[in-house]
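**Q** So you can see what is in the structure, the chains are spelled out below.
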Amino acid sequence: MIIDFRDAVFNAVGEIMSKGKDVLVLYNDMGAMGLDKIKNEFPGRVINAGIAEQNMASVAAGLAMTGKRVFIYGIIAHIFSRGFEQIRNDVCCANLPVTILGVGSGLSYGTDGPTHHGVQDIAVMRTLPNMTIYNPADSVSAYASVKLADEHRGPGYIRMDKEQLPALYGPDADFHAGFNILHEGSDIALLATGVLVHRSIEAARQLADEGISVRVMDIFRLKPIDSNALYKGIEDVNAVLTVEENSPVGGLSSIIAELIAVHDRKITLASVTLNDEAMMSAASRKWAEARCGLTMENIIARIRNIAEATATS
Amino acid sequence: MRINNLIRKSAEIRLRVLETALRAGKGHVPPAFSWVDIGVSLFYGGILQIKPSEPRWPERDRFILSKGHGCLTLYAILSDLGFFPKNELENFCGHGCLLAGHPDPNIPGVEIVSGSLGHGLGISAGMALSAKIDGKDWFVYTLLGDGECQEGSVWEAAMFASHHKLNNLVAIVDRNRLGATDFTENSLSLEPFSRRWQAFGWEVVNKNGHDIEQLIDVLSKAKQRTSAQPLLIIADTTKGKGVSFMEGSPLWHHRMPKSEEIQAALKELSQFKSQETN
Amino acid sequence: MRDAFIEALFSRMETNENIFFISADFGAPALDKLRDKYADRFVNVGIAEQNLINVATGLALEGFIVYAYAIAPFLSMRAYEQIRTSISILAQIRDININLIGVGAGLSYDVTGPTHHCLEDSCIMAVLPNFTIFSPSDAILSEKFVDYTLRKSGPKYIRMDGKAQPEIYADEKQISFEDGFTELRKGSEVCIVSTGYMTHEALKVADALSQDNISTGVVDVYFLKPFNEQLLVKIFREYRHIVTMEEAFLNKGGLDTIVEHACFSNRVYIGMTKLGFGDKYVFDVGNREHLYRTNGLDLGNMIKKIKTDLNRN
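Residue numbers (the working numbering), protein chains in the order written: chain A, -19 to 293; chain B, -1 to 276; chain C, 17 to 329.
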């Protein structure tokens, strides 16, 4: 079943709200059906803060300081950057239970222009101590992210894609490790996050037919990383390829580079990311993927090259 | 252009806006509709000194669309004036095409990257300051949304402009009283709006944002003003103006008309075609 | 560093009428005379960083070469969205020469608490397309950068230390802006790569290691972006261990991550030690020396860590 990420997230938020009166939601005049639903269900507890992201983050912090548990919602590109200093100083320095729900990961809003692209937020939000970052690839893990963020009781950030993506997980899936292996393999580890997880699984299936054994891992919690567990998940392969609809530095590619570097291992590490450029024009996902090599064909080709190179070395 | 022709032009622009959005299946139509008459006044009423064949003519008046999501109107006007070919409208939001959902300066006639709210006034102030320093006669006109005025950065810019006596800066607020999901007065009230801007040191004029004659009257006198203050025109508008069922409703922000609504909207907007031209 | 920069800029203003200096109510002794002599090319926007960036953009669009000046954490983080949309994205299309001068990189403002610390700016600025990131270690470098900013258009971020630092580049021939770094010392076992304030510490560490017969080189990176990756990697190949040192967060896209990416992309597999600040806000009150000690970055600890990692290989 395909459920919109936002619906899944607001379902979870609604459940949390029904358990405690001290749970509030703030949003920057951005709409969503799931949001309307909980607004109707819990009058007075879902508040439009207006088109004022800095103030929204500060108000959320103030509420949290007086014992409330707060969710804030808006478009990623605006919500992480416009109120960044407030998120840093007011929320994270004080380690408050404020969870940021951002819609529009990667190029979800591709054709709306670069002011709406969520492609640097992972790098930037990672710089925040106390911040937990979830980047779910389906609505099931999106729902789970909210519950996990709520358990954590500190600052949280959940990224939502706008695309309708099929479910990857069943209702009993366990998300505590922060990642899951979704396709078994032994030659190459293909680490993906968000929307590209789906393509990665498909690529692995196709490559299996060619005799290339690819392990696909969905890295849905980008911070914190369970270094030991994650490293164990890749220590036996010859090569690692990371794919993400993100800037070249600071996202998944950097997370894995940072992880492997301390283990002093000779391992091939490659990444496919967006380019280091603002994507002007109507940058639809299709167009951007072709431009940056995030297509199925290119991912498969990269893996074939890596397999060949590591076989001969 | 005579007023009747300008009114007709407004209707034409609205129709083109809707057609463009329908073809793409997306777009912020009601926010575009609310400032069409303001746009027509500026671009066709002899206000903006610009050259379509030379979009970066150094002596041009600068126009900044700070409320970037209202760009469908800007695209329709710029293409009509010849800044770029009209057929680009057919590729609005097309893969890798020129016209994205929010404007950027790759598009001839567009000065800045907008889409995030609250930046345009500050940038305009910088440009206006530059003109003062260099003793230039050109003006800067910037169009803001009223919801946009909830952003704190707008007020930083407002203070700056009046402090530096940027009387070559004309800001127009498309006061349609609606944000994205709700009326502005329900989320973060802006009233008393005129008094706030006055308190920030601006000369404020209130006009009917759909009365082209009134708008041109105040705009055409802007360059002759003797006041040292920047000028704010609060243009009272209706979001979605032009299509009755879109008008003044929180439901209509980037919602697209469906099935019968499409025909109804097109019919309303095409009425000008049957009228006599003067 | 800051005064050397402003003095140099001041002298250029005599012959270059396009230079414009804009400050967010942040002063400097060297700035007083600039303000007096060139009143028509200086503006104090007040404590309003977002407007600082936007007004700077407007001026740059009209042909001024703009220097926007503020305390580094406020400059880079309070106005992050403005920097992203009005500078980084805009610069892709329009020629704007905007130079953001952030004073107080790292822990320059040690005792003033985490709101004035800037351990994340190298990451959050480097992730933005079209930005040049300059991180000087002494006043000579920062002074020389003035002519670079006049020659080369486009957005630049300069992260300067808030306190006077000893001279490193008395011999200016050592400086290479094209490469972006200088190998200050040559060695054969350990290569310390550092930036900004930490380069001074790096030289002390190198001395101490050398005294223990560990041949240590030091590379001072002053262009975090862009720099000559191929040359840097070539230097690395002459050593058997790399140590990155930065007064910034570790594992967040800073110098350590940059070096890791360079190594993996070029298949340089040698051991690595990363020295910098962990994932927490520095609430301790104390001067730099104290903060370094409480964060395990005093000389003794750094040497110990490097030796432990060396022995592991």
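Worth flagging that the hints you see were computed from the coordinates, not collected in a lab. Any given hint could turn out to be false.
What the hints assert, rightly or not - The calculated BS3-like cross-link candidates involving lysine-lysine, where the alpha carbons are at most 25 Å apart (straight line), are:
hint	chain 1	residue 1	chain 2	residue 2
1	A	246	C	250
2	A	1	A	48
3	A	246	C	53
4	B	265	A	142
5	A	142	B	134
6	C	202	C	168
7	C	250	A	48
8	A	17	B	130
9	B	130	C	323
10	A	266	B	130
11	A	246	C	321
12	C	53	B	134
**Q** Indicate, hint by hint, whether the structure satisfies it.
**A** Hints and how they fare:
At roughly 18 Å between alpha-carbon atoms, residue 246 of chain A and residue 250 of chain C fall within 25 Å of each other, so this suggested pair holds. Distance restraint check for residue 1 of chain A and residue 48 of chain A: the Cα-Cα separation of roughly 9 Å lies within the 25 Å cut-off, and the hinted pair is therefore satisfied. About 59 Å separates the Cα atoms of residue 246 of chain A and residue 53 of chain C, which puts this hinted pair outside 25 Å; it is violated. For the hint linking residue 265 of chain B to residue 142 of chain A, the alpha-carbon distance of about 33 Å lies beyond 25 Å, and the restraint is violated.
A threshold of 25 Å between alpha carbons decides the hint, and for residue 142 of chain A with residue 134 of chain B the separation of about 46 Å lies outside it, so the pair is violated. Our distance criterion of 25 Å between C-alpha atoms is broken by residue 202 of chain C and residue 168 of chain C, whose separation comes to about 31 Å. Proximity of residue 250 of chain C to residue 48 of chain A is assessed by CA-CA distance (about 55 Å); at most 25 Å being required, the pair is judged violated. Of the pairs offered as hints, the one joining residue 17 of chain A and residue 130 of chain B is violated, with about 52 Å between alpha carbons and a cut-off of 25 Å exceeded.
Proposed proximity of residue 130 of chain B and residue 323 of chain C is contradicted: the alpha carbons are some 62 Å apart, above 25 Å. Restraint check: the Cα-Cα separation between residue 266 of chain A and residue 130 of chain B comes to about 46 Å, which exceeds 25 Å; the hinted pair is violated. For a cut-off of 25 Å, the pair hint linking residue 246 of chain A to residue 321 of chain C stands: about 22 Å separates their Cα positions. Distance restraint check for residue 53 of chain C and residue 134 of chain B: the Cα-Cα separation of roughly 22 Å lies within the 25 Å cut-off, and the hinted pair is therefore satisfied.
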